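Engineer: From first to last, the protein sequence lines are chains A and B.
Each residue of the first sequence is one higher than the one before, starting from 48 at the first, in our numbering.
Each residue of the second sequence is one higher than the one before, starting from 195 at the first, in our numbering.
Possibly wrong hints are sitting among the right ones.
To be verified - Each computed DSSO-like pair below joins lysine-lysine, with the alpha-carbon atoms no more than 27 Å apart:
no.: 1; chain 1: A; residue 1: K173; chain 2: B; residue 2: K444
no.: 2; chain 1: B; residue 1: K249; chain 2: A; residue 2: K218
no.: 3; chain 1: B; residue 1: K398; chain 2: B; residue 2: K413
no.: 4; chain 1: A; residue 1: K218; chain 2: B; residue 2: K423
no.: 5; chain 1: A; residue 1: K244; chain 2: A; residue 2: K173
no.: 6; chain 1: A; residue 1: K217; chain 2: B; residue 2: K422
no.: 7; chain 1: B; residue 1: K422; chain 2: A; residue 2: K218
no.: 8; chain 1: B; residue 1: K227; chain 2: B; residue 2: K249
Since the hints were made in silico from the structure, they are not lab data.
Values in this document were obtained by computation on a predicted structure and should not be read as measured data.
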Amino acid sequence: MSWALIAGGSKGIGLGIAEALAKRSYNLFLVARNADDLAGAKDRLENEFRVQVEVLSCDLSQPDSPDIIYAWCIKKNPELKILCNAAGMGGSSDFPELSLVDTRTMIRLNLESAVSLSHRFIPLLKMAAPSYILNVGSMAGFAPIPIKNIYSATKSALLFFSYSLKNLLKKENISVSCLCPGPVYSKPSIEQETIKKLGMIGRQMAVMPGMVGEYAVRCMLRRKLIIVPGKLARFISFLLRMLPRRFLARILYRPEN
Amino acid sequence: MKHLIILCIIGLNSLVSVAQPVIPNELPADTTKPYALVAGGSKGIGYGIALALAKRGYNLILIARHMDTLQAAKNKLESAYPIHVEVLAFDLAYENSAAEIGKWCTERNIRLKVLCNVAGLGGANDYLSYPLDSLRYMVRLNIESCMALSLILLPLLEKNAPSYILNVASMAGFAPIPVKNIYSATKSAVIFFSYSLRYQLEDKNISVSCLCPGPVYTKPEIVQDTRKKLGGFGNKMALDPGYVGEYAVKKTFNKRLIIVPGKLAKLSSSVIRFLPRRWVVGIYNGKGKKK
Numbered sequence: 048m049s050w051a052l053i054a055g056g057s058k059g060i061g062l063g064i065a066e067a068l069a070k071r072s073y074n075l076f077l078v079a080r081n082a083d084d085l086a087g088a089k090d091r092l093e094n095e096f097r098v099q100v101e102v103l104s105c106d107l108s109q110p111d112s113p114d115i116i117y118a119w120c121i122k123k124n125p126e127l128k129i130l131c132n133a134a135g136m137g138g139s140s141d142f143p144e145l146s147l148v149d150t151r152t153m154i155r156l157n158l159e160s161a162v163s164l165s166h167r168f169i170p171l172l173k174m175a176a177p178s179y180i181l182n183v184g185s186m187a188g189f190a191p192i193p194i195k196n197i198y199s200a201t202k203s204a205l206l207f208f209s210y211s212l213k214n215l216l217k218k219e220n221i222s223v224s225c226l227c228p229g230p231v232y233s234k235p236s237i238e239q240e241t242i243k244k245l246g247m248i249g250r251q252m253a254v255m256p257g258m259v260g261e262y263a264v265r266c267m268l269r270r271k272l273i274i275v276p277g278k279l280a281r282f283i284s285f286l287l288r289m290l291p292r293r294f295l296a297r298i299l300y301r302p303e304n
Numbered sequence: 195m196k197h198l199i200i201l202c203i204i205g206l207n208s209l210v211s212v213a214q215p216v217i218p219n220e221l222p223a224d225t226t227k228p229y230a231l232v233a234g235g236s237k238g239i240g241y242g243i244a245l246a247l248a249k250r251g252y253n254l255i256l257i258a259r260h261m262d263t264l265q266a267a268k269n270k271l272e273s274a275y276p277i278h279v280e281v282l283a284f285d286l287a288y289e290n291s292a293a294e295i296g297k298w299c300t301e302r303n304i305r306l307k308v309l310c311n312v313a314g315l316g317g318a319n320d321y322l323s324y325p326l327d328s329l330r331y332m333v334r335l336n337i338e339s340c341m342a343l344s345l346i347l348l349p350l351l352e353k354n355a356p357s358y359i360l361n362v363a364s365m366a367g368f369a370p371i372p373v374k375n376i377y378s379a380t381k382s383a384v385i386f387f388s389y390s391l392r393y394q395l396e397d398k399n400i401s402v403s404c405l406c407p408g409p410v411y412t413k414p415e416i417v418q419d420t421r422k423k424l425g426g427f428g429n430k431m432a433l434d435p436g437y438v439g440e441y442a443v444k445k446t447f448n449k450r451l452i453i454v455p456g457k458l459a460k461l462s463s464s465v466i467r468f469l470p471r472r473w474v475v476g477i478y479n480g481k482g483k484k485k
């Protein structure tokens, strides 16, 4: 049986991805901080699909997390086909309102954990090739968003990382994808904020986490590098990548009054 | 003939080294003059920037890992310009460095006008050949330290506005370079951070700039690596750290956002930014494989 490891798989987009993989009969390793959320996800996925789900509560922003997760996975002697880095932190407060500690946590969770988990698990993925890495970036990684400064910067780094890794791992037959969604209604606060800040376009562009997970997994298995779910989001992300950054940063900058 | 030239050079050198103590610096250092903090200022581009700031009469706070290179930089700068140079030995990748530097500056109520985040680490074939600890060190030095110092020193910069932040990224931050995976990714984050910060701090009268140089010959390995991978083209594009520092400081005071020194580097970087990323990555990937 093939296994997939999902970091940040207990909620939101990560859970959507877990569901789409369970549907395709992958056994799952789910890692997240909250043990209750993990237990809930395990129950639901095991009942709904005939797969084995293992859960581990672990803070992915901690530097020893890759070793802990690796030691835990290896006990099952799995054929690890998929690594998905879905853990991330964002939100409406960012630089400079965030404290130094939170700023660091955001960098470590959004970028460092994906970099180090991939590094740790590439040997296992190599053995199970053809295999897949799916990093969850964001449309915010296409152009700098001043009010989401650190979030947008770390997601850009993750996007760069995915591009490079794709090229580096081509000969190992490991395919790398980066999911770059627009607004995803994974919790009520995101829905409110999207409607407030982006108005109609935001509402039209927003997608549900289940749809994002399904679409991401489908594209990942087809070895697509950049994955943007939703037609309007795709069109807007095309514009974001084409237009000059300075112009975009200016229009994306709306100071709150 | 060869010997004669060498003799002349030695002669000139000794003249210079004798000349310095003969003309002592009569001007006392004025500590009320504005300060510039250069993180990673003991060598390379950072030293080039420190030199350009010293020339403009700024007192300096230099931060780097090793006290001996810092002390050497301090001696050179203080003997050439009537400024005060303070040196602090910190590893900027360490978690409490930024907070301690911030505390040091705040306690002394430093008239901080310029913050330069220069410290950075790169290398060839980083992701697949480096141990995880080195990759983490790179992330912490290249982006965390830059964001942390900017955050901690923001109140001082705001108080002494108009002031300036200069982040040192790289042309590698314009498009992903597979063989310099983490370097290129972290530099892209520095560029994004600078863009955003520029707009966030505009009404506080703090100007943010980001230096994105092509190859700079700061050490012999870089000269070799550039020639090997990019050939004559790379060699033409490469610049000397002194020139880069001077150019960067000039443009920072002109409030330029993205600073690319050198004509050929400027041209290449506009091409890189314009072309589809996938193409550029493909080209980089081919170049990077050259042994």
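Engineer: Could you run down the list of hints and mark each one as holding or not?
Structural biologist: Structure-based check of each hint:
1. A:K173 x B:K444: violated, 50 Å
2. B:K249 x A:K218: violated, 52 Å
3. B:K398 x B:K413: Violated, because 38 Å separates the two Cα atoms, which is more than 27 Å.
4. A:K218 x B:K423: Judged against 27 Å, a Cα distance of about 21 Å means the pair holds.
5. A:K244 x A:K173: The hint is violated at about 43 Å.
6. A:K217 x B:K422: holds, 24 Å
7. B:K422 x A:K218: holds, 23 Å
8. B:K227 x B:K249: holds, 13 Å
When each numbered hint is compared with the structure, violations occur for hints 1, 2, 3 and 5.
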